[in-house]
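Participant: These protein sequences, in sequence, are chains A and B. Residues in the first sequence are numbered from 1 upward in steps of one, following our numbering. Residues in the second sequence are numbered from 1 upward in steps of one, following our numbering.
Think of the hints as simulated: they come from the structure by calculation, not from any bench. Incorrect hints may have been included.
The list treats identical chains as interchangeable, and a pair is accepted whether it falls inside one copy or across any two copies.
Unchecked claim - Once the Cα atoms are required to be at most 27 Å apart in a straight line, the calculated DSSO-like pairs of lysine-lysine come out as:
id, residue 1, residue 2
1, 131, 245
2, 108, 234
3, 165, 332
4, 229, 332
5, 332, 234
6, 331, 229
7, 113, 165
8, 229, 245
9, 332, 237
Being a predicted model, the structure only gives us computed values, none of them experimental.
Protein chains: 2
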Amino acid sequence: MKPQSSISRRFLLSTMAVLPALSAPLLPIPAAAQTATMADPLPSWNDGAAKQTIIEFVQATTTQGRPTFVPPERRIATFDQDGTLWVEHPMYSQVVYCLDRVPAVVAKKPELKNVEPFKTVLSGNREAMAKLSMQDLEKILFATLTGMPVEEFNAEVKKWTESAKDPRWKRPYTELTYLPMQEVLRYMRANGYKTYIVTGGGQDFVRVYAEQVYGIPPEQVVGTAGGTKYGYAKDGKPFLTKEPKLLLNDNNAGKAEGIHLMIGRRPYAAFGNSPGDRQMLEYTWAGDGARLAMLVLHDDGKREYAYGPAQGLPNTKVGAFTPSLYDEAKKKGWTVISMKNDWRRIFAFE
Amino acid sequence: MKPQSSISRRFLLSTMAVLPALSAPLLPIPAAAQTATMADPLPSWNDGAAKQTIIEFVQATTTQGRPTFVPPERRIATFDQDGTLWVEHPMYSQVVYCLDRVPAVVAKKPELKNVEPFKTVLSGNREAMAKLSMQDLEKILFATLTGMPVEEFNAEVKKWTESAKDPRWKRPYTELTYLPMQEVLRYMRANGYKTYIVTGGGQDFVRVYAEQVYGIPPEQVVGTAGGTKYGYAKDGKPFLTKEPKLLLNDNNAGKAEGIHLMIGRRPYAAFGNSPGDRQMLEYTWAGDGARLAMLVLHDDGKREYAYGPAQGLPNTKVGAFTPSLYDEAKKKGWTVISMKNDWRRIFAFE
Chain A
1 MKPQSSISRR FLLSTMAVLP ALSAPLLPIP AAAQTATMAD PLPSWNDGAA KQTIIEFVQA
61 TTTQGRPTFV PPERRIATFD QDGTLWVEHP MYSQVVYCLD RVPAVVAKKP ELKNVEPFKT
121 VLSGNREAMA KLSMQDLEKI LFATLTGMPV EEFNAEVKKW TESAKDPRWK RPYTELTYLP
181 MQEVLRYMRA NGYKTYIVTG GGQDFVRVYA EQVYGIPPEQ VVGTAGGTKY GYAKDGKPFL
241 TKEPKLLLND NNAGKAEGIH LMIGRRPYAA FGNSPGDRQM LEYTWAGDGA RLAMLVLHDD
301 GKREYAYGPA QGLPNTKVGA FTPSLYDEAK KKGWTVISMK NDWRRIFAFE
Chain B
1 MKPQSSISRR FLLSTMAVLP ALSAPLLPIP AAAQTATMAD PLPSWNDGAA KQTIIEFVQA
61 TTTQGRPTFV PPERRIATFD QDGTLWVEHP MYSQVVYCLD RVPAVVAKKP ELKNVEPFKT
121 VLSGNREAMA KLSMQDLEKI LFATLTGMPV EEFNAEVKKW TESAKDPRWK RPYTELTYLP
181 MQEVLRYMRA NGYKTYIVTG GGQDFVRVYA EQVYGIPPEQ VVGTAGGTKY GYAKDGKPFL
241 TKEPKLLLND NNAGKAEGIH LMIGRRPYAA FGNSPGDRQM LEYTWAGDGA RLAMLVLHDD
301 GKREYAYGPA QGLPNTKVGA FTPSLYDEAK KKGWTVISMK NDWRRIFAFE
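Given these sequences and hints, build the entire structure.
Facilitator: Have a look at this one:
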């Protein structure tokens with residue numbers, strides 16, 4: 001297991017979620033495109049066990065007459081986001097968003113200017129920011145993710161995703177999605193699966209861009225969620241304000257609980273990459289019939305990042321799945337996806 | 001407004017939800033049936049303002065080129081259940097379920113046999129049961145709706161809905177759905193709307209039968225929801241236990257907040273019948289473009305029940321919408337559906 005401080009930090013960082021901008025729209029593919037998909041539904045994957053497992057699972061659950069056939073209405077597939085559908089390194093995009101929002105928050109509340117942790121964030125000193133305590137981070141998350149009307153928050157996130165860029169690739173964060181996983185999303189949808197994001201990140205944050213980036217509508221995004229408060233504007237119009245009240249911490253056991261709360265059915269397929277996904281994978285795998293549980297292994301330091309078990313290190317970075325989860329995967333028959341070996345291409349822009 | 005005690009009671013009764021059995025499966029209608037629907041999509045409705053309003057709304061939002069056109073992915077319609085989709089009198093079906101479950105709970109925990117309120121419920125004395133306090137009811141709800149694995153709860157509800165019968169009509173509760181509203185559900189789905197139940201009743205309870213009874217899958221049922229707790233059985237299999245912890249009270253402002261939490265989009269159409277639906281209707285109505293807000297008025301004492309403003313009485317029974325909501329509806333242009341005048345047939349079995 002990770003050192004407690006690291007786990008708590010990850011918990012906290014993802015307690016409320018935030019993210020990126022609009023690359024090429026990837027909406028559910030039209031009927032015409034499905035023929036091409038059927039030829040090779042996963043062209044960015046190298047031939048191998050991982051690709052084969054996905055294809056065999058889809059065939060097993062969608063072919064009429066097979067004992068493993070699953071009726072269309074029960075076809076649910078869940079995907080972790082950070083580190084599974086897109087890059088999570090060196091920092092969750094939502095945390096970048098929160099830090100980027102601090103100047104605007106301080107402009108509205110000048111009394112925060114000389115108060116920590118806002119003072120440190122405003123200084124731009126990365127080294128000092130990396131040393132912020134959990135309590136400090138919590139203050140930043142609450143100040144930047146709550147207290148405003150839902151519509152205002154959505155507009156801010158949208159604006160940010162359209163302008164902010166990842167420093168390594170110099171592209172909007174929304175372009176840093178993994179092409180092979182986009183292919184899996186489309187392949188499963190083409191076969192009647194409802195695809196859900198089940199993220200430790202903030203539900204409201206991810207919902208802003210999920211439809212454009214992944215073809216996943218807001219109602220199919222389950223994430224860490226806070227409460228809202230219904231009220232009326234001066235003109236009598238009702239609106240919802242985001243409250244600093246945690247309803248669902250969609251990490252670890254919270255992922256299985258969140259799936260029950262928001263979907264109400266056990267998934268047939270689940271994809272993750274870190275210890276926070278363990279229970280979602282276990283819960284999915286424990287169902288009857290054919291089930292698919294897959295872990296993305298970050299072992300490609302050249303094209304993306306290498307961390308966690310790929311380095312032979314147990315607890316090196318946020319988002320790694322620990323050797324114990326890696327071992328559980330091997331023992332149970334879950335499939336580990338090697339980014340280095342299984343993915344021919346990683347990004348669409350390459 | 002209702003006397004506070006009545007409101008609180010309603011709140012409590014619906015704090016966790018429960019319901020009925022399997023009448024004719026009403027799944028999304030196949031393409032072949034849609035032609036008939038197009039001839040008259042609402043054959044159980046009399047011609048009049050209510051029917052016309054529904055049809056005009058659907059045409060306004062689904063006809064390409066109209067300024068009020070709504071893209072398919074944004075077509076969300078929400079329906080209260082009790083008193084809107086089916087009979088809520090003289091008692092919510094879920095409350096009947098909870099009372100019916102008491103003997104089984106006591107059989108497992110014999111120490112409750114001589115403890116109130118279980119003793120009174122076991123006596124079968126209806127008059128004494130009607131006098132149970134809110135605290136008593138709360139104990140019954142918690143004892144019968146929480147503390148068991150999700151699968152066990154689902155199986156119990158399914159069994160009950162297949163056997164329990166309403167005393168007036170001598171039919172399973174699930175047959176007491178309003179045929180005109182079933183037609184609205186199918187008509188809207190045939191026109192690309194995603195139909196949701198947004199109920200003060202228990203989310204887990206309604207999800208058990210909603211697909212079979214209304215053609216609405218579990219993931220499109222939003223209701224009063226409690227937490228679950230992830231754990232492992234002796235054989236290592238994970239399972240979820242229903243906890244006595246309220247996450248969402250899906251009544252009043254909670255309906256608008258619940259829609260944001262579970263769907264993340266503002267509905268274009270909403271149907272309700274009681275003060276608990278007020279905020280859902282307001283929130284829906286406050287959106288841009290064409291919106292539909294409708295209230296079912298229970299004014300048919302012969303074929304169903306008459307209560308609330310239909311009797312000229314402000315606060316007669318649970319589930320009535322008060323004159324003030326009735327007035328708000330008239331003032332804002334919401335459409336009131338008269339069961340007596342607008343509905344040619346009320347039940348499919350008639």
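Participant: All hints are to be evaluated individually against the structure, with a verdict given for each.
Facilitator: We went through each hint and held it up to the structure:
1. 131 x 245: Within. Shortest intra-copy distance 25 Å satisfies the 27 Å Cα cut-off; inter-copy 36 Å does not.
2. 108 x 234: within (21 Å within a copy, 55 Å between copies)
3. 165 x 332: neither (39 Å within a copy, 46 Å between copies)
4. 229 x 332: between (43 Å within a copy, 23 Å between copies)
5. 332 x 234: Between copies only: 17 Å across chains, 58 Å inside a chain, cut-off 27 Å.
6. 331 x 229: Only across copies: residue 331 and residue 229 sit 25 Å apart there, 46 Å inside one copy, limit 27 Å.
7. 113 x 165: within (26 Å within a copy, 65 Å between copies)
8. 229 x 245: Answer is both: 10 Å inside a copy and 19 Å across each meet the 27 Å cutoff.
9. 332 x 237: between (53 Å within a copy, 12 Å between copies)
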